[in-house]
Amino acid sequence: MTLDQLMSSVAYERARYQGRERVMEMLVDGSIDDHPMTTKVDATIELLSYPIARMIVSAVADPGFVRRYAIAEAKKANERLRNEDIPFVMKVAGELGLDVSPEDGGFSIDFADFLRFSAKMRSKSWKLVNQKIQKGRVQLTKYRLTRIIESVLTEKFSSELPLEVNEAILGKFAREIEEIKAVLEVRRKEQRTEGMGRVSIVRFPPCMKKLLEMIRAGENVPHSGRFALVAFLHTLGMDSEEILETFSTAPDFDERKSRYQVEHISGEISGTEYTPPECSTMKSYGICFDPDDLCQRIKHPLSYYRFKRRAFRSRK
Amino acid sequence: MPLDESTRFVMRMFSKHYREAPLHMPDRFSKREFGFMFFDRQGMVRHVGFPQRAQLKNYLVEQVPAHVYYSCAYYEKPDAQTMAEKSWQGADLIFDLDADHVEGAQDLPYAKMLVRVKEEVIRLIDEFLLGDLGFDQDDLRIVFSGGRGYHVHISDPKVLKLSSHERREIVDYITGTDLDIDWVFPSTTFEIGRFKDRVDADRKRAMPLASEGGWRARMRKGIDSLLEELERLTNTEATMRLAEMFKDSKREIGKKTIEGLYKDLFGGRKGRRGVDRMRDENTFEVFSEKRHADAFMDLVDMRVRVKMKGETDEPVTSDIKRLIRLPSSLHGKTGFEVVPLDRDRLDEFDPFRDAVPETLGDEAVEIVLENPVQLDLRDERFDLGPGKAEVPTFAAVHLICRKQARIGP
Ligand code: SF4
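Protein chains in written order, with my numbering: chain A, 16 to 331; chain B, 45 to 453.
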């Protein structure tokens, strides 16, 4: 079977349909649904829908979307894996390059692998200090092992995407691509006005609002401005992924460069977590934009945010 | 700035050392950034790279830095000025332990301080690095820092790419930071390995086993030795000892609680006492009152955890582009050599004998001391009064570097 056939042959119409569905489900629900695979044909179609879905995702060419898709696919894989038997799970882990050994009642992996693939899990129970470790091996239950595998897969999928897409693919899925782009655009607009997850943009001081707008619009922001904004968002509790996501709407978004900057400022690379500068410093850098009345009463952009929060609560 | 005679003398001797001593080269040598501090200039020179070892050697002989550092990281372009341009490729995992991080070591005289720090380094290496984390002896390079402590460098390929956050996890492991007591003492009402934030007042806890991995085993060993310590004491001695241990407790723990706790553990017939059941049945449920159990838990958290933890300087380990002293260079504030060691040599290692550079020789030098000094160096005892004295070169360098002596008027 060639790519051409997969793209155009009538025989693969169902696979193409399924691939489209995968992406759309992810777009709408943020996760991928279970597709019953009762027959061998079902299974083949499911399998072939992967490359289709990946091509569509790649063609949309939106870093945030690609990342979300990788996460969703990995999560899906985890859900399936959880129900598989031990030899199968071990085999999958092995194929992904994880060195897993069976341990009485569970598994063990090298602590360095454990650290690498549990870095995003911030609950206390995932900390290395709360693991059973012997001779460099961390003991895991099956549930935890498949969760680790999910992380491996997220990393793998993210690194494989976006695929290169040709005209034929762009043409074939033009409608879907347009549709997805439109949905993403609407979301972005909503986000801009509503805020980002737990962080409420309405409470931002004017300087940070302005910096965020500029970055999202791809305007040239001085380093001091980027620094102030990233440190600000980080202090409000956004992690690097979320911050990157926020920036990814910029037309000139350079993931590699931005990731480095963000991870540096948030302390993931440097080990030092920076805090945003106070108003006087912001002023001397020339990035204190349009200060308002509240600004007269505070000395630090963070106090502005906190103050607003209080004001919001008391109004209710 | 004209140099005084003492500085010129020390620089001459350092230069001689760099000319004659074999230089220890880190692996991936040409990918490392180097940094230097000098006797005769302020500030630090960094972002220097050396494609070949001969170039580094020349630099040392000619520029005679007081302190020589290289990066634990290796880079695509080690001499680029900014981190982004340098392009980070990986970094050795570093542990740094000096007197500031060992309780009670800061106030000791220099020689005793180094002995105390060495004990902690040995614990760090044996218990944590070779023990729990399972590193190979061959993967560890232990280094006497030339100053107040020791470094351990690990270049096992699997750690080179670890991020700062991941390295901090290793530090937290060693220092027992965020150890979850509910995980260490699993309660029988919940499945092992599951965590709940809620604090249940009367759940039944089990003792961790010494055969389990990680901090569970470590805490069990700590508890066992605490119990043994108390068992050896008489009733009155033990309650006094306990009262002393509870002094820093957050809660008020009164005499009655302490006596009750002691009775629960050691009262009754031998073989049936609380402590015996704790050991034999691995249970925590030997206390007649909740107050006693809570007090014991306090002990576990305050005494046992703190006693069993390892020490290391957190920012050094989590900084993936740290500069660290180059092994076989000299330390400008002591004149000691930064000595590379292996685990077997560490036990016997005595900086005052083994870190005095061979290259310095023993021709007599006349020095002047402000205050009397007593010192053992290279198995020789120096008992120097204030005023002029004649000492071998190696001793003169050490004393001048430590600002205890000078040359000339
Ligand atoms: S006064 Fe402070 S908070 Fe207000 S805009 Fe200027 S820098 Fe921002």
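The set of hints was computed from the structure by calculation and includes no laboratory data. These figures come from a predicted structure and were not determined experimentally. Errors might be hidden in some of the hints.
Here are the simulated lysine-lysine pairs, BS3-like style, with alpha carbons at most 27 Å apart [what the hints assert, rightly or not]: (1) B/K265 <-> B/K248; (2) B/K265 <-> B/K75; (3) B/K265 <-> A/K139; (4) B/K75 <-> A/K90; (5) A/K150 <-> B/K202; (6) A/K272 <-> B/K75; (7) A/K139 <-> A/K157; (8) A/K91 <-> A/K171; (9) B/K291 <-> A/K142; (10) B/K121 <-> B/K60; (11) B/K101 <-> B/K75; (12) B/K291 <-> B/K334; (13) B/K248 <-> A/K139; (14) A/K150 <-> B/K75; (15) B/K205 <-> A/K135; (16) A/K150 <-> B/K265; (17) B/K334 <-> B/K314; (18) A/K272 <-> B/K365; (19) A/K139 <-> B/K202; (20) A/K142 <-> B/K365; (21) B/K365 <-> A/K135; (22) A/K106 <-> B/K205; (23) B/K202 <-> A/K106; (24) A/K142 <-> B/K101; (25) B/K60 <-> A/K142; (26) B/K314 <-> A/K142; (27) A/K171 <-> A/K139; (28) B/K351 <-> A/K142; (29) B/K205 <-> A/K139; (30) A/K157 <-> A/K91; (31) A/K139 <-> B/K351; (32) B/K205 <-> A/K171; (33) B/K162 <-> B/K365; (34) A/K272 <-> B/K291.
Here is how each hint holds up against the structure:
Among the hinted pairs, B/K265 with B/K248 is consistent with the structure: their alpha-carbon atoms are about 21 Å apart, no more than 27 Å. Using a Cα cut-off of 27 Å, the hinted pair B/K265 and B/K75 is violated, with the two alpha carbons roughly 44 Å apart. For the hint linking B/K265 to A/K139, the alpha-carbon distance of about 23 Å falls within 27 Å, and the restraint holds. Between B/K75 and A/K90, the direct Cα distance comes to roughly 39 Å. Violation of the 27 Å bound is thereby established for this hinted pair.
For the given pair, A/K150 sits about 15 Å from B/K202 by alpha-carbon distance, which is consistent with the 27 Å threshold. Proposed proximity of A/K272 and B/K75 is supported: the alpha carbons are some 22 Å apart, at most 27 Å. A threshold of 27 Å between alpha carbons decides the hint, and for A/K139 with A/K157 the separation of about 19 Å falls inside it, so the pair holds. Annotation: proposed proximity of A/K91 to A/K171 holds, straight-line Cα distance about 14 Å (limit 27 Å).
With a C-alpha separation of about 30 Å, the suggested pairing of B/K291 with A/K142 is violated against the 27 Å cut-off. With a C-alpha separation of about 31 Å, the suggested pair B/K121 and B/K60 falls outside the 27 Å cut-off, and the hint is violated. Note on B/K101 and B/K75: the hinted pairing holds, with a Cα-Cα distance of about 16 Å set against a maximum of 27 Å. Pair hint B/K291 plus B/K334 holds up; C-alpha atoms about 20 Å apart against a cutoff of 27 Å.
At roughly 22 Å between alpha-carbon atoms, B/K248 and A/K139 fall within 27 Å of each other, so this suggested pair holds. Using a Cα cut-off of 27 Å, the hinted pair A/K150 and B/K75 is violated, with the two alpha carbons roughly 31 Å apart. The straight-line distance between the Cα atoms of B/K205 and A/K135 is roughly 16 Å, inside the 27 Å bound, and the hint therefore holds. With a C-alpha separation of about 17 Å, the suggested pairing of A/K150 with B/K265 holds against the 27 Å cut-off.
A distance of roughly 23 Å separates the Cα atoms of B/K334 and B/K314; the hinted pair therefore holds under the 27 Å criterion. Straight-line distance between C-alpha atoms of A/K272 and B/K365 comes to about 18 Å, which keeps the hinted pair within the 27 Å bound. Taking the CA atoms of A/K139 and B/K202, the gap is about 24 Å. The hint holds against a cut of 27 Å. With a C-alpha separation of about 24 Å, the suggested pairing of A/K142 with B/K365 holds against the 27 Å cut-off.
Taking the CA atoms of B/K365 and A/K135, the gap is about 22 Å. The hint holds against a cut of 27 Å. Note on A/K106 and B/K205: the hinted pairing holds, with a Cα-Cα distance of about 25 Å set against a maximum of 27 Å. Annotation: proposed proximity of B/K202 to A/K106 holds, straight-line Cα distance about 22 Å (limit 27 Å). Straight-line distance between C-alpha atoms of A/K142 and B/K101 comes to about 44 Å, which puts the hinted pair past the 27 Å bound.
Proximity of B/K60 to A/K142 is assessed by CA-CA distance (about 50 Å); at most 27 Å being required, the pair is judged violated. A hinted pair counts as satisfied when its Cα atoms are at most 27 Å apart, and B/K314 with A/K142 does not qualify at roughly 40 Å. Proximity of A/K171 to A/K139 is assessed by CA-CA distance (about 26 Å); at most 27 Å being required, the pair is judged to hold. Between B/K351 and A/K142 the alpha-carbon distance is near 21 Å, which keeps this suggested pair within the 27 Å criterion.
Taken as a hint, the B/K205 and A/K139 pair is honoured in the structure, with Cα atoms around 23 Å apart against an allowance of 27 Å. At most 27 Å may separate the alpha-carbon atoms for a hinted pair to count; A/K157 and A/K91 meet this at roughly 16 Å. With a C-alpha separation of about 22 Å, the suggested pairing of A/K139 with B/K351 holds against the 27 Å cut-off. For the given pair, B/K205 sits about 16 Å from A/K171 by alpha-carbon distance, which is consistent with the 27 Å threshold.
Between B/K162 and B/K365, the direct Cα distance comes to roughly 25 Å. Compliance with the 27 Å bound is thereby established for this hinted pair. Between A/K272 and B/K291 the alpha-carbon distance is near 53 Å, which puts this suggested pair outside the 27 Å criterion.
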